[in-house]
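These protein sequences, in sequence, are chains A and B.
According to the numbering used here, the first sequence is numbered sequentially starting from 1.
According to the numbering used here, the second sequence is numbered sequentially starting from 1.
If you are wondering where the hints come from, they were derived from the structure by calculation, not from laboratory data.
Beta carbons are placed, not taken as given, at the ideal position from N, Cα and C, and that holds for glycine.
The reader is advised that the hints may include incorrect statements.
What the hints assert, rightly or not - Below, computed lysine-lysine pairings styled on BS3-like, alpha-carbon distance capped at 30 Å:
#	chain 1	residue 1	chain 2	residue 2
1	A	K47	A	K107
2	A	K47	B	K19
3	B	K63	A	K47
4	B	K63	A	K107
Stated by the list, open to error - A few chain B residues that face chain A, going by a derived Cβ cut-off under 10 Å, partial list only:
#	residue
5	Q39
6	Y60
7	I69
8	T71
9	W105
10	W109
Claimed, not checked - Quick partial rundown of chain A residues pointing at chain B, CB under 8 Å, derived from the structure:
#	residue
11	S2
12	L41
13	F64
14	A82
15	D84
16	Y89
17	N96
18	S98
19	G99
20	W100
21	F102
22	G104
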Amino acid sequence: QSVLTQPPSVSGAPGQRVTISCTGRNSNIGSNYDVHWYQHLPGTAPKLIISGNNHRPSGVPDRFSGSKSGTSASLAITGLQAEDEADYYCQSYDSNVSGWVFGGGTKLTVL
Amino acid sequence: QLQLVQSGAEVKKPGASVKVSCEASGYQFTSYGISWVRQAPGQGLEWMGWISAYNGNTKYAQKFQGRVIMTRDTSTTTAYMELTSLRFDDTAIYYCARAMTGYNWFDPWGQGTLVTVSS
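Please take these sequences and the hints and turn them into a complete structure.
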């Protein structure tokens, strides 16, 4: 059971908008630790797509955006493209475990 | 070019140890940390621990305390993760990643090293 909770799967048609939620606790997201998001394609290294809750690293399309409120965070992807099909993970720091924690991952399917 | 290059795949027997290396290039090695993350088959990402490349300080996930040893060699800008007393459920892809200062993100990541524990 992951410390951060994500839906196992989401789907959307090309061009649509999808959101992926990440629910935490007072010991992590709720304690003002930032949330970061990664895109992971099978057989490749995870790729940082959102840092510090809502910052896009250079090269990440502006179709990806992040937000955080209270003990939860969200990743939004607009204008879905086939290449967006991947697993997405949220990450934060947790003071109870004194370490970094990940969500269980969300598989995005582009219909 | 900023990158982390990991050592190759390993096959080990239960009870053995494995040591994975992670060579960093393209940045000031001692200004950041290195975290290790693994992904077992069909599972999500799991943080194992962190090492400061500056002074070698470590922080391990409780699950791996006593079984994992993280070290680094500043002369070769290489970090190492050794996992001992291997079990079948340690079969996974092991990743290293540059850890930004503070309680922050990991970027970039190494290509991953498959460790298979099999009798």
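Cross-check of the supplied hints:
For the given pair, K47 (chain A) sits about 15 Å from K107 (chain A) by alpha-carbon distance, which is consistent with the 30 Å threshold. For a cut-off of 30 Å, the pair hint linking K47 (chain A) to K19 (chain B) stands: about 24 Å separates their Cα positions. Under the criterion of a C-alpha separation no larger than 30 Å, the hint pairing K63 (chain B) with K47 (chain A) is consistent with the structure, at around 25 Å. In summary, the hint linking K63 (chain B) to K107 (chain A) is supported, as the alpha carbons are separated by about 26 Å, within the 30 Å threshold.
Checking Q39 (chain B) against chain A: minimum C-beta separation of about 8 Å stays under 10 Å; hint holds. Interface restraint check for Y60 (chain B): the shortest CB-CB distance to chain A comes to about 8 Å, inside 10 Å, so the restraint holds. Annotation: I69 (chain B) was flagged as interfacial toward chain A, and the flag is violated, the nearest CB pair being 16 Å apart, outside 10 Å. For T71 (chain B), the shortest C-beta to C-beta distance to chain A is roughly 18 Å, which exceeds 10 Å, and the interface hint is violated.
Interface hint at W105 (chain B): satisfied, since its Cβ lies 4 Å from the closest Cβ of chain A, which is below the 10 Å cut-off. Contact between W109 (chain B) and chain A, as hinted, is supported at the beta carbon level, the nearest pair being about 4 Å apart and thus within 10 Å. With a cut of 8 Å, the hint placing S2 (chain A) at the interface with chain B holds, because the nearest CB-to-CB distance is about 6 Å. Below 8 Å, beta-carbon pairs count as interface contacts, and L41 (chain A) has none with chain B, the closest being about 12 Å; its hint is therefore violated.
Restraint check, F64 (chain A) versus chain B: the minimum CB separation of about 14 Å is more than 8 Å; hint violated. Below 8 Å, beta-carbon pairs count as interface contacts, and A82 (chain A) has none with chain B, the closest being about 23 Å; its hint is therefore violated. With 8 Å as the threshold, the beta carbon of D84 (chain A) stays out of range of chain B, its nearest partner Cβ sitting at about 19 Å, so the hint is violated. Checking Y89 (chain A) against chain B: minimum C-beta separation of about 5 Å stays under 8 Å; hint holds.
Look at N96 (chain A): its Cβ only gets to about 10 Å from chain B, farther than 8 Å, so that hint breaks. The interface hint given for S98 (chain A) holds, since its Cβ lies 7 Å from the closest Cβ of chain B, which is under the 8 Å cut-off. Taking 8 Å as the C-beta cut-off, the interface hint given for G99 (chain A) holds, the closest approach to chain B being about 5 Å. Taken as an interface hint, W100 (chain A) checks out: its beta carbon lies about 4 Å from the nearest beta carbon of chain B, inside 8 Å.
Satisfaction of the interface hint for F102 (chain A) is found here, the shortest Cβ-Cβ separation to chain B being roughly 4 Å, below the 8 Å cut-off. Interface hint at G104 (chain A): satisfied, since its Cβ lies 5 Å from the closest Cβ of chain B, which is below the 8 Å cut-off.
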